[in-house]
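Q: Hey, can you work out the whole structure from these sequences and the hints?
Mind the numbering: the sequence shown is residues 6 to 464 in our numbering, read in order.
It is possible that part of the hints are untrue.
Estimated spans, in silico, between C-beta atoms of each pair [what the hints assert, rightly or not]:
no.: 1; residue 1: S132; residue 2: V21; range: 57 to 67 Å
no.: 2; residue 1: S76; residue 2: S132; range: 24 to 34 Å
no.: 3; residue 1: G312; residue 2: D372; range: 22 to 32 Å
no.: 4; residue 1: L166; residue 2: R109; range: 50 to 60 Å
no.: 5; residue 1: G196; residue 2: L244; range: 28 to 38 Å
no.: 6; residue 1: A442; residue 2: P209; range: 13 to 23 Å
no.: 7; residue 1: R176; residue 2: L230; range: 14 to 24 Å
no.: 8; residue 1: G161; residue 2: M181; range: 28 to 38 Å
no.: 9; residue 1: T66; residue 2: R109; range: 15 to 25 Å
no.: 10; residue 1: S71; residue 2: L29; range: 35 to 45 Å
no.: 11; residue 1: D372; residue 2: S221; range: 34 to 44 Å
The hints are simulated quantities; they were obtained by calculation from the structure and are not laboratory data.
Here the structure is a predicted model, which means the values were calculated and not measured.
C-beta: ideal position from N, C-alpha, C; glycine also.
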Amino acid sequence: MRWALVKVCLAVTTMVVVAFAVPLGLVVKQMARDRAISDAERQAATIGPALSITTDRDQLTGAVVSTESGSDGRMALHIPASGGADRIDIGRQRATDKDIATTRTIGRASISEVPGGSALLQPTAISSGEIAVIEVFVPDAEVAGGVTTAWLVLAGVGIALVIGSVAVADRLGGRMVQPAQRLVGAAHDLGEGKLGARVPEEGPKELRLAAVAFNSMADQVVQLLANERELAADLSHRLRTPLTVLRLNAASLGDGPAADQTRAAVAQLEREVDTIIRTARDAKPQTAAAGPGAGCDAAEVIRERMGFWSALAEDEGRKVRVAGVDRPVRIPVARPELVAALDALLGNVFRHTAEGTAFAVDVHNGDDAVIVLVSDAGPGITDPAAAMARGRGSGADGSTGLGLDIVRRLAESTGGDVRIGHSVLGGTEVRIWIQLAPGGDAGRRGHRGIRRRKRAGVG
6 MRWALVKVCL AVTTMVVVAF AVPLGLVVKQ MARDRAISDA ERQAATIGPA LSITTDRDQL
66 TGAVVSTESG SDGRMALHIP ASGGADRIDI GRQRATDKDI ATTRTIGRAS ISEVPGGSAL
126 LQPTAISSGE IAVIEVFVPD AEVAGGVTTA WLVLAGVGIA LVIGSVAVAD RLGGRMVQPA
186 QRLVGAAHDL GEGKLGARVP EEGPKELRLA AVAFNSMADQ VVQLLANERE LAADLSHRLR
246 TPLTVLRLNA ASLGDGPAAD QTRAAVAQLE REVDTIIRTA RDAKPQTAAA GPGAGCDAAE
306 VIRERMGFWS ALAEDEGRKV RVAGVDRPVR IPVARPELVA ALDALLGNVF RHTAEGTAFA
366 VDVHNGDDAV IVLVSDAGPG ITDPAAAMAR GRGSGADGST GLGLDIVRRL AESTGGDVRI
426 GHSVLGGTEV RIWIQLAPGG DAGRRGHRGI RRRKRAGVG
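A: Structure, rendered in structure tokens:
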């Protein structure tokens, strides 16, 4: 499209330049010729008074030489014989006798083509009544004077117009083609799963409307996928929580065929749910982070989830401690995301520690970061790096790898991170750092803050 526009503009401009420049050049050439002939007529007219007074050769020769053409040898006089006087010819004759006789007969000026130029033949009456002919030679160099320069100027102007029109057409074509190319590229990116692909709404009106429609479509696709992701996460969390309760209750059924069958069925159900969760996680699209203003009250969410898990803890004889949730703690994380992360961590406590093992949840609210600590008094994790690697998707038997992956994604979506260490209770401590403000210094201040609280005996 761009090159087609350039070619059309080049063809049209070239035709316009030829249509105007060629006739204009011919007019310039004709004007130069008319100017040279007019000058020759003017010089021929200066000899007319002398011819009307005398036909003396010497006097007429002096009159001819006194003119510019005569001094250059380009003027001649042809006086016919009369009254017994001989024919008089002054100067170099270039026109033929026939042309001179014809001019004398018709009685008006004529132009005769001669070698090297043209000859102006001007008839003039003399005192004897005969017709003398004044011949003025006009060389081709004088006729073409300035014509070459004019042609070069016209050619230069024409070339400049063609180049300018091509440049303008190319620029206009670029403004039309680039938005279309960006639209094509964004469509390919969206088809490859890059859901953040958008098109600048610029260019011609039609392309702007196409960009608006594409961006609206992409936003709807992202929203639909985000809704499906939230629904899948919510369903998986809803399944894992009652399954944990069911597994714990099944463990207290004692021995016997019915109890063994119940525990086997619960284990099979957990494996099937784990498979579903892995599949959903692997197919989960990468959507954009929550926009400005999105978030929740972490203290309220933790109180609500701890109310649920405390009932199970009481059944198993676990001591529970919650700190730092007595006042609102706003974080830039959607409520369903925080609920999923807390359920994953607390579910791991019940799943991987013995009954009666105590656990705690502490919240530390800073100026630019919020630290959530989930700690227990269990045996601990001997290899935290492997646990985090498992969280990234290389889970072993009995683990979907989703728990720590959910927690890690939550923290990294705010610019924070997740670390596993030893808790003051003697077991595992999972520390979630949630950044409140952009920038890398928040993490270091958050780390220093958590160390100060530990030295003070908190968490």
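Q: Now tell me, hint by hint, if it's right for this structure.
A: Evaluation of the provided hints:
1. S132 <-> V21: 57 to 67 Å: This hint holds: roughly 60 Å between Cβ atoms.
2. S76 <-> S132: 24 to 34 Å: 26 Å, holds
3. G312 <-> D372: 22 to 32 Å: Because 29 Å falls inside the window, the suggested range holds.
4. L166 <-> R109: 50 to 60 Å: 52 Å, holds
5. G196 <-> L244: 28 to 38 Å: 33 Å, holds
6. A442 <-> P209: 13 to 23 Å: Violated, at about 41 Å.
7. R176 <-> L230: 14 to 24 Å: 39 Å, violated
8. G161 <-> M181: 28 to 38 Å: Between G161 and M181, where Cβ atoms are some 30 Å apart, the hint holds.
9. T66 <-> R109: 15 to 25 Å: Since T66 and R109 have Cβ atoms about 21 Å apart, the given range 15 to 25 Å holds.
10. S71 <-> L29: 35 to 45 Å: 39 Å, holds
11. D372 <-> S221: 34 to 44 Å: Roughly 39 Å apart at Cβ, these two residues keep to the hinted range, so it holds.
Comparing the model with each numbered hint stated earlier shows that hints 6 and 7 do not hold.
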